[in-house]
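If you read the sequences in order, they're chains E and D.
Under our numbering, the first residue of the first sequence is numbered 171, with each subsequent residue one higher.
Under our numbering, the first residue of the second sequence is numbered 14, with each subsequent residue one higher.
Rather than coming from a laboratory, the hints here were simulated on the basis of the structure.
Keep in mind that the hints are not guaranteed to be accurate.
Claimed, not checked - Far from chain E, by Cβ distances over 12 angstroms, these chain D residues were calculated:
1) K17
2) F20
3) F79
4) P84
5) G96
6) V100
7) L181
8) R264
Unchecked claim - To give an idea of the chain D side of the interface with chain E (calculated C-beta under 7 angstroms), a few residues:
9) I117
10) A183
11) S184
Glycine included, each C-beta is placed from N, C-alpha and C at the ideal position.
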Amino acid sequence: MIKIENLNIHLSEFNLRDINLNIEENEFFILMGPTGAGKTVLLEALAGLIKTKSGNIIIGKKNITKLPPEKRGVGIVYQDYSLFPHLTVLENINYGLHFHKIDKTQAEKRLNRLVEDLNLSHLLKRFPLNLSGGELQRVALARALMVNPSVLLLDEPLSALDTNFREEIRAGLKRLHKNSNVTFLMVTHDFAEALSLADRAAVMNNGIIEQTGSIEDIFQRPDSTFVADFVGMKNLFAAQFRDTKALTGSIEIELGRKPANSHGYIAIRPENIVLSKESLASSMRNSFRGTVTGVLDQGLYYEVDVMVENVTFKSLITKSSLFELGIQEGIEMLLSFKSTAIHNF
Amino acid sequence: MRSKEPFFWITISCGIVIMAFILIPLVEMMTAPSFAMLKETIKDKDVVRSIWLSIYTAGLAAIISFVFGTPLAYLLARTDFTGKRFVESIIDLPIVIPHPVVGIAILSVAGRNHWIGQFFSDLGIRIMGSVTGIVVVLTFVGLPFYVNAVKNGFESISPRLENVSRSLGASMFSTFFRITFPLAWRSMLIGIIMCSARAISEFGAVVIVAYHPMIAPVMIYERFEAYGLKYSQPVAVWLVSVCLALFLILRILTLRNKKEA
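The following block holds chain D by itself, in its conformation from the complex (with noise of 0.2 angstroms):
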């Protein structure tokens, strides 16, 4: 692209409007507390509980998707299987269905009358008001991302390092593991990244199953709701801080995973 055509400038212009408007909100609300008040923040218990439920249920969410999600993306990214398509589009439905439906829906299941909420009483879990609740809609959210970024890995290995393994003796479960699974490893660590990314997030599924215990995103609103704009700034602010933080040592170990292959 030449510099000097119009064209160039309109798409640097396009670039800098659009970096604003993420950076500038951002930027404004980071630097919003004062240091004395991020201090008394992070003091208050259940603000340290609240971020801390956060992290292990999106965690736990992303465990989930990894365990059931890794095998669905293999078949998906190995096999053509007449509904294929029907069944990639299922696998996205959680991304564009509204929030607040989402916990209309896994509500409408775990309640008493209907036989899955019942037979979960029945064992003694509690979907309503409880961890196991934030956990399962947490899962639903973030197993999509998880499950599209591992397909996309898979789809990148050429089958034929498999076929070759085979022919070399291999089984199907020891070509996966030695070959497939080290090869895959840095989209998995990618997918669980964006699954508990996305996971950390929500707001609008999570308030309506469980307003209790208080995951971060709900304790924001409520301050918001009860105290104002400013305490529920810092809160916030210790919400990012910490997943920024998370995010990059995942980011690290995986840069340093592609160095050693």
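Pulled out of the complex, with its shape left as it was, chain E reads as follows (with noise of 0.2 angstroms):
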């Protein structure tokens, strides 16, 4: 439905390159990367606010890379809302309708519509200015939504918000996207947040796209280094393949597989990493002793640093765990892990 090809933009400090992108129809896709890797860049690019140096843009079947914003059907919210400060915030939400020729009855009843669906209905005569975050989302959400774009942008809807509030408009974004036909195309640089809204993603990294995929593909099977690192592999470690088997700094892997390559990456999500302190007996195939190095709260988790000979595997676990076996550093723990939850690239 979107369809992005070889899309190049020369900002005069900041490049994106060569961005490939197939977004279907109708579909709920989060792109994803750390502040500054060129999200919002290539957000405003979709919806005709910057230039583009080459390369196309394709939403239906129309090419829109040279069409002005008004002409593209492509909504925007962004993190810090801009509402119209001057406008009520009925005024914001209809302000779409002065230049779309829509149904006066229709355009009540899809106005009724979002105003129930987003719970608006107290604050329709009321000024930006004195409304909450949560409350101008809503209203951001509404505005966009009023004029029934192909597509809507998201600029991390979320981030602004308070955690609480967090969860209640991650449902209610979800619950908007599936009542509607529009295609939702949100930024993130939360990982959680991806996991429970979109089935699909991208990774971007410094003006390029690292990885396209399923979530559950980005998460547990990364392409790259940075991805891996950016969806919290944090055990990840150069090896060489032999058979089945990776050899990494002194050790040896057992992978179950064969790789395709002769060396490369192996990476271990930290919670798929079992400590005991005695052998266990279960199919985990890989199992080494080594020594605590560093304990870390993390919060609700706790990080274990456990090296084994010359290599640190970084484990999580929970408090009551950590106290259950004693761990501290210097003791030495048996930490063990399936073949299965070795992703390598």
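The task is to assemble the complex, starting from two chains supplied on their own in separate frames and drawing on the hints.
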């Protein structure tokens, strides 16, 4: 539905290079990446607010690369909501109607539905100045959806909200997407958000797309060290592959399969590494004895660093298991992981 | 800041000195003429004519600045181009050039031996010694104040508001008139006040281009030269009072606008 082909953008201090992306009709697609990766630039290019250097943007069957923003049917909701401060909430929502030929009764119907879906009825006469972040957010969404765009671009809509608010808005976004035939493209740098909202995503870094695919793939099978690190695969080691084994440092890890390449990387999520005192009677093929070199409090979890020969593994465990196992720096532990938990690339 | 520190006392004393420096001469001048003298002065048709001329030429300068300066201010606020700094310095030039030099510079292109002067003279437009000439000079000195005030106003409006407006289907023109203009309106009014305040106070450049028809500052100078301080004061008091009243009205209007928004 949205097709981006070999898109290049040159800004004075930043470039987007060779962007290719396919987004299906009515999909909820997520664009991830650290700050400064170029996510907002890509959104603004889709909306026609930034000049492109080369490449094509196709929405539906129409090449819109050269169209001005008002002819694209692409809505945008910014992180700061950007409501018009001199207009009331109702005037903000209805703003787009000035420029679209929409039947009056139909417009009314859509307004009522959005006001109800987003719980805005008590705010309509107020000015944006005194609204809370969550309220501004809902108004911005209603305003964008009022003109029924074919694509809605969301620039980090949840990052400026309180954490307990996010859940609610996240659920709201999901419902809104389900009830409309609009394709959602959302930027975030929060992986948990991506997991709960979308099926497919792309990871951007430094002006290029590092990986596109299902969230599951990106989370479990990153293609590059950058993506692996970005999605929290903290155990990332360069390795030589020999038959079904990976050699990293001086230890040998059983992969249970034969990689196509002779050297590359292996990555293991820290939550997939199990710590124990005695060897476990389980199907886990890899088990190593090592020394605890660090215990880091991460709020709900503890990160435990275990050094096996010259390789340091990071494992995530809960507070209660930390105390049960009596883990502290300097003691010996057994760490184990399944060969299926190892991702190689 | 702790109030017992010497630094605090230095800031306070400097503040008092500056207030006195500004207020004492002004208050002295404003209170010097007797009521009878003020009454007599305002009955003088020449005085009324010159004050009126001052106000409407300054107003015209502000309107011209508004029409031509607004798009330029927008361009400077929204775009980045090579040579932008250079353009900005050119706009600030009239602020730093000595006033008589401005008059001489304008005269040098307005005369018959320059093609521009020749062109206007063929059209029947006279710059030297005319109301047109006064308006030209006042626009020259007032324009930078308008452009800078409005540029700051535009810069304070997030370009994202315009982006959203366009993504909702509005053209650049509709976006400007529905979003940018209503939000920048206050800074435009401030720009108009700044520009006309500067224009009304101009003397040095005007006196070179047009001694007659006589604007109020030229008349004040002439009365001072011919009859002395006592005769120039009442005209000055009237000019200052009328200007203050006008600016006060404009300020009240802008404040009311703020409340609505």
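Do the hints match the structure? See the list:
1. K17: holds, 40 angstroms
2. F20: It holds; F20/D is separated from chain E by about 38 angstroms at its closest Cβ, greater than 12 angstroms.
3. F79: holds, 20 angstroms
4. P84: holds, 19 angstroms
5. G96: holds, 15 angstroms
6. V100: holds, 18 angstroms
7. L181: violated, 4 angstroms
8. R264: Nearest chain E Cβ is 20 angstroms from R264/D, so the label holds.
9. I117: Hint violated; I117/D Cβ to chain E Cβ min 41 angstroms, cut 7 angstroms.
10. A183: holds, 5 angstroms
11. S184: holds, 6 angstroms
When each numbered hint is compared with the structure, violations occur for hints 7 and 9.
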